[in-house]
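These protein sequence lines map, in sequence, to chains A and B. Using our numbering, the first residue of the first sequence is number 1, and each one after it goes up by one. Using our numbering, the first residue of the second sequence is number 1, and each one after it goes up by one.
Be careful, since some hints might not be right.
With a straight-line cut-off of 30 Å between C-alpha atoms, the simulated DSBU-like cross-links for lysine-lysine are [stated by the list, open to error]:
1) A:K225 with A:K62
2) A:K225 with B:K118
3) B:K285 with A:K169
4) A:K104 with B:K23
5) A:K266 with B:K118
Note that these hints are calculated values from the structure, not bench results.
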Amino acid sequence: MGSQNKRRIINTTTYLLLILAIIIMCFPLAWMFSVSVRPNVEVMKMPPDWIPQIFTLEAYSKILGSPKYIRVFFNTVAVAGIVTAFSLFLGSMAAYALARFNFKGQRTVLMFLITIQMFPLVLLCIPYFRIFILLNLYDSLVALIIVYLTFTLPFCILMLRSYFLNIPKDIEEAAMVDGCSRIGAIFRTLIPMSWPAFIGAGLYTFLLAWNEFLFAVVLIESWGKRVLTMAIYSLLAEFITEWNTMMAFSVLASLPLIFTFVFLQKYMVQGMTAGALTS
Amino acid sequence: MSFNNSKNRSAPIGRSIPFVTLKFRRLYSEEILAYSFLWPSLLILTMLMVYPLLEVFRLSFYESNLTRETWVGLSNYSALLFDPFFWNIFLNTVLFTIGSVILHLVLGLGLALLLNAKINHIFRSVARGILIVPWLLAPTVAGMIWVLMLAPFGVFNGFLTALGFTSDLTNIAWLGDSSTALGSVTAMNVWRAYPFFMVMLLAGLQSVPQQLYEASQIDGATIFQQFIYITLPELKSVITTIVLLDSIWTFRAFDPVFVMTGGGPSYSSEVLATAIYYDGFQKMKFGYASAEAILMFISLFIVSAFYVRRAMNNNN
Chain A
1 MGSQNKRRII
11 NTTTYLLLIL
21 AIIIMCFPLA
31 WMFSVSVRPN
41 VEVMKMPPDW
51 IPQIFTLEAY
61 SKILGSPKYI
71 RVFFNTVAVA
81 GIVTAFSLFL
91 GSMAAYALAR
101 FNFKGQRTVL
111 MFLITIQMFP
121 LVLLCIPYFR
131 IFILLNLYDS
141 LVALIIVYLT
151 FTLPFCILML
161 RSYFLNIPKD
171 IEEAAMVDGC
181 SRIGAIFRTL
191 IPMSWPAFIG
201 AGLYTFLLAW
211 NEFLFAVVLI
221 ESWGKRVLTM
231 AIYSLLAEFI
241 TEWNTMMAFS
251 VLASLPLIFT
261 FVFLQKYMVQ
271 GMTAGALTS
Chain B
1 MSFNNSKNRS
11 APIGRSIPFV
21 TLKFRRLYSE
31 EILAYSFLWP
41 SLLILTMLMV
51 YPLLEVFRLS
61 FYESNLTRET
71 WVGLSNYSAL
81 LFDPFFWNIF
91 LNTVLFTIGS
101 VILHLVLGLG
111 LALLLNAKIN
121 HIFRSVARGI
131 LIVPWLLAPT
141 VAGMIWVLML
151 APFGVFNGFL
161 TALGFTSDLT
171 NIAWLGDSST
181 ALGSVTAMNV
191 WRAYPFFMVM
201 LLAGLQSVPQ
211 QLYEASQIDG
221 ATIFQQFIYI
231 TLPELKSVIT
241 TIVLLDSIWT
251 FRAFDPVFVM
261 TGGGPSYSSE
271 VLATAIYYDG
281 FQKMKFGYAS
291 AEAILMFISL
301 FIVSAFYVRR
311 AMNNNN
């Protein structure tokens, strides 16, 4: 009886602690949302109101009604989407080579890929700034797409490689014996079989590109080319007091990722942890 | 080796070139195939990584505002190394990193243990899902939320008032005071990135063989003893990996400090990444900033070497 009681106490404590943790950890998120539906005068009140006294969507309509801000959403979607597509395409090719062939320099290539993931990205900013001005690509989304590959491509290669390694080589070889070319065999066997890895790597790549900030600050100047993270930051400088607009912007910037996460949690976690697990 | 031999043997024959080519193709067929798949990625990454690194290294010996360059030898480095300011920034970076990593580990391990307990599995997956959300946010967004919460009129001071603290404590500008700025940024960083530890450690916990716990229970081990003698040793490898990775990520982090304090007030929360940015892009001292970046690269490289070695061992 005693041990059963003890177990019940431990069980209850576990639930209570988890609920407490959820409340604390979600508080900043709840606060972001709650500020986004207040009029701005209410935000600055001291002591703060825990629950909005006046519910208003004026901050949201301000963002959604402004072509300047809508443009920022399109820019971000375009950059993140194109980076993801390129990373998966080039990454799967390289991953295939690393998983299927034994060749001279294989170890060096692997080491190179792991090492460049450890680079301090701020180091690259100075030469990039210079090169893109020379190439006339400063303040363009193309520049962002190119430099985002520096951190998304190595990740995609390593993650897809570790997945390909778990798929037996025999399946492709059988397809090749049956008259497929190598490329045909890859498209008919390997790629259909490794879709979870493509979804995982793709989602995480998209998340990284969507959330990136440093390169956007260094390489983008005009409002027409800005991406979400930078646009939100610029609100701090431009309208220092409009906290409700900024929080509404933050909610809108985070919602797509949170929604995707709700539906594809398994793959997304797989992608997020793969960075450490593959290596 | 054998390639050289075949070249020598075929040299006198008239049709030597196609023969060598054939031989080359057969000997290096794997290499040819492999590199035909690899070259686009390798080309892009080399251009994007190796060239800029060399360029920064070169620039660190010059005084440069990007239009005019003067060779100054090692004076950027000596200026940095004898600048107490630089060491202060370095110390901030180390404190920020150590604080973040330790708290990530404590929080992540605690939550992973709770989630791994014998609880309702639907509640478990819902709780896990909710607790991961901070990690999905951009550091910029997370930083902004905390700037708002920690403002003098913010909800954090509101809490303190509600808890009955006196009013001189409840008007603190947490990010505007040099004694609390770095700590506040660290707190935000802990909140945003603990889910990585939680997820990794939960996966680690789930792969610990249950028999170990059952056997130790028969031997009369307490929960605490089980934690020290079974759980921790089983998690050691995961912990080492994520601590190394997180140290590298935090040491080079730019967004949290830049967004929340801009390094201020009076450089009290400046870290290497933001200092390099300001020295380069605001003070236009690109040579100096490059030297700073190279020193940061070297410091990171030492930690990275451990990680790369571990990763390479696991890969083979």
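Now the hints, each set against the structure:
For the hint linking K225 of chain A to K62 of chain A, the alpha-carbon distance of about 20 Å falls within 30 Å, and the restraint holds. Restraint check: the Cα-Cα separation between K225 of chain A and K118 of chain B comes to about 50 Å, which exceeds 30 Å; the hinted pair is violated. Between K285 of chain B and K169 of chain A the alpha-carbon distance is near 54 Å, which puts this suggested pair outside the 30 Å criterion. As the CA atoms of K104 of chain A and K23 of chain B are separated by approximately 17 Å, the hinted pair is consistent with the 30 Å bound.
Among the hinted pairs, K266 of chain A with K118 of chain B is consistent with the structure: their alpha-carbon atoms are about 21 Å apart, no more than 30 Å.
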